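Based on the sequences and whatever the hints tell you, model everything.
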Amino acid sequence: MDSAVSRSATRVQSSGERSYGLLCVGLVASLVLVLLWSVASGRYQVPFDTVLSIILSHLVAVKVTWTTTESVVVETVRLPRVLTAAVAGAGLSLCGAVLQAIFRNPLVGPQTIGASSGAALGGVTVIYLVGFGPLVQVGAFGGAALALLAVLAFHRSDNLSPILTLVLAGVVVSAFCSALVGLVTYLADPETTLQVIVFWLLGSFASSTWPQFGLIAFCTTLAAIVLIGMRWRVNVLSLGDDEARTLGVNPARDRLILLAAACLAISSQVAVSGTIGWVGLIIPNLARMMAGADNRRLLPVSTVLGAIFLVVADTLARSLTPAEIPVGIITALVGTPIFALLLRRTTKSGAA
Amino acid sequence: MIQIENAGHSYGSGQWLFRGLSATFPAGRIAAILGPNGCGKTTLLRAISGTLRLKEGIIAIDGHVGFVPQALTADQSYSAADMVLLGRSRYLGRFSSPNRKDRERAYACLEEVGLTALAQQRYDRLSGGQRQLVLLARALASDCKVLVLDEPASALDIANQGVVLRLLLRLASSLGLTVLFTTHHPDHAIGIAHTTLLMQRDATHIAGRTEVVLTEGNLAGMYGVPVRRVDVRADEETASAIVPLHGLRGRVPDLAAR
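As they're listed, the protein sequences go chains A and B.
Quick note: the first sequence uses our numbering, first residue 48, plus one each step.
Quick note: the second sequence uses our numbering, first residue 899, plus one each step.
FYI, nobody ran anything at the bench for these hints, they're computed from the structure.
All figures in this text were calculated on a predicted structure; none of them were measured in a lab.
All C-beta atoms, glycine included, are put in the ideal place defined by N, C-alpha and C.
Hints should not be assumed to be uniformly reliable.
In silico contact screen, one side only, chain A against chain B (beta carbon under 7 Å); selected entries [stated by the list, open to error]:
#, residue
1, 122
2, 279
3, 280
4, 283
5, 287
6, 289
7, 292
8, 296
9, 297
10, 298
11, 336
12, 340
13, 343
Simulated restraints, written as ranges between beta carbons of each label pair [claimed, not checked]:
#, chain 1, residue 1, chain 2, residue 2, range
14, A, 92, B, 975, 53 to 61 Å
15, B, 1022, A, 289, 17 to 25 Å
16, B, 954, A, 201, 26 to 34 Å
17, A, 76, B, 1022, 26 to 34 Å
18, A, 388, B, 899, 51 to 59 Å
A few chain A residues that face chain B, going by a derived Cβ cut-off under 8 Å, partial list only [to be verified]:
#, residue
19, 235
20, 239
21, 240
22, 243
23, 277
24, 278
25, 286
26, 299
27, 341
28, 371
Here is the structure:
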């Protein structure tokens, strides 16, 4: 009987495993294609095969068939930008999925929960006080962490309508942080710090450089190792504190670790490319439709899907019109209708 | 075994829900907790399962508690198999996920409650009875010695009540588990419980062997309604029914007499 149990357990597991494997292969292949497409497209067209040769020339010996302009466009202009967008999208979607599980609410994302505006406030405050430098990333991290803690406190104190309360708490914290950002901007010296602050706040992928990519890649990779590594704990926490405790897990400590990792990724994204909304809210929901609710699968799928989405959005942003559209407009145009649909579905199911 | 010594609790500075409560629930036996609404049954269960700290008293348990909450809400869209697998979490490090052995254990527990056919079904699409059984399997998957259930039968139809109660009986005898459950049905306690704890409105309690505790007098005193115990024999089985004398009576209208 034992072997029968083990056999059926294995069979059930392997059928699900296969479709998940296919999904992963499909997503990673799409990501690679989208990255190449993005590097190739833009106002200055570089043929697909030239892009491939330029990239490959760093790994193997390839006969140089491209112009210097082409290699500059690919290597110094587009590659850092495209890769930064990919990492930013991946980080936001991964954090969004984790936040949705921790707060047990599909309408939560790095922006709706106030973390992004908290990071903006932290960064701006540091620029105002000590000027631009490596401390900005630290300030952004601190701001995001404070915003999340504030929302967490709201979350505890009210359980009448948890889903909407949480969304509203995010709105309140965001509004408060935005007001303070406005105040700091107002106080800043227009001759010196104001320009730096405005430039930093607007932040877009257009100004991406290799060092910036290095910062966001380092922070996001570190965060992803923790978040994806703790994927089963995320499942446990998604049941709520009491359930987690009866299952033998201390929810408070795990939640703090996860939130700290999420803050690291979100703040590095804000530091490099400004506040980008909606990605971290809608992508985890789309990923859930593809991979199911189990965070062991949802987190990796959400990460890759987020990278694909933001690279596509950024490519459209810079190639649809002669002048560049801010990428946040594209993500909001796609994101808001989907959010409305989700809100309708979630409140209808009686959860709110 | 669960040993409760001098337990007492109140919320805030309010009245004591219960105080000076002592009881022993032996291993391999089933125990029931009865009491009117608001007497602190769920509070006591939460204290036993470790999610609430009592104001007074000591609770000693050998090993950890497998807690089965009421399956009222279903906002989880995990599969039934994954829900059971969550019972293995206490054995997993912060950065590890269940392995093959954990999956086999979870599957065996689903088999124990007879739900292997629904392993891949989404939890939130199961019926109330099936959800209750999944949560029971989850507690079993944690390899607990003590199983604590909060009103496991209250949301179920009479057929499913029987399924759950018989399952508890089998688990206590075959696995040697200490089983403790709360219920609003005195006949469920009479049917399967060796020990019963009767919690009363005035924060006092009666604990002991079920036959000794669940007398008509004690039940009437606890609920404030006169009751009669009726033993029913059908074929080989005997069952006890506790009948409250509310003054309500079923009467079939005699249409032919008109």
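Results for each hint:
1. 122: violated, 37 Å
2. 279: Hint holds; residue 279/A Cβ to chain B Cβ min 4 Å, cut 7 Å.
3. 280: holds, 6 Å
4. 283: Interface hint status for residue 283/A: holds (5 Å vs cutoff 7 Å).
5. 287: violated, 9 Å
6. 289: holds, 5 Å
7. 292: holds, 5 Å
8. 296: holds, 6 Å
9. 297: violated, 10 Å
10. 298: violated, 11 Å
11. 336: Result: violated, 11 Å to nearest chain B Cβ.
12. 340: With Cβ-Cβ at 4 Å, under 7 Å, it holds.
13. 343: holds, 6 Å
14. 92/A with 975/B: 53 to 61 Å: Check failed, 45 Å falls outside 53 to 61 Å.
15. 1022/B with 289/A: 17 to 25 Å: holds, 19 Å
16. 954/B with 201/A: 26 to 34 Å: Cβ of residue 954/B to Cβ of residue 201/A: about 33 Å, so the range 26 to 34 Å holds.
17. 76/A with 1022/B: 26 to 34 Å: holds, 33 Å
18. 388/A with 899/B: 51 to 59 Å: holds, 53 Å
19. 235: At 43 Å from the nearest chain B Cβ, residue 235/A fails the 8 Å test, so the hint is violated.
20. 239: violated, 46 Å
21. 240: violated, 42 Å
22. 243: violated, 40 Å
23. 277: Holds: closest Cβ of chain B sits about 6 Å from residue 277/A, inside 8 Å.
24. 278: Status holds, d = 6 Å.
25. 286: Because about 7 Å separates residue 286/A from the closest Cβ in chain B, which is inside the 8 Å limit, the hint holds.
26. 299: This hint is violated: residue 299/A lies away from chain B, its Cβ roughly 13 Å from the closest one there, beyond 8 Å.
27. 341: At about 6 Å, which falls below the 8 Å cut-off, the nearest Cβ of chain B leaves the hint on residue 341/A intact, so it holds.
28. 371: violated, 40 Å
Going through the hint list in order, the structure does not satisfy hints 1, 5, 9, 10, 11, 14, 19, 20, 21, 22, 26 and 28.
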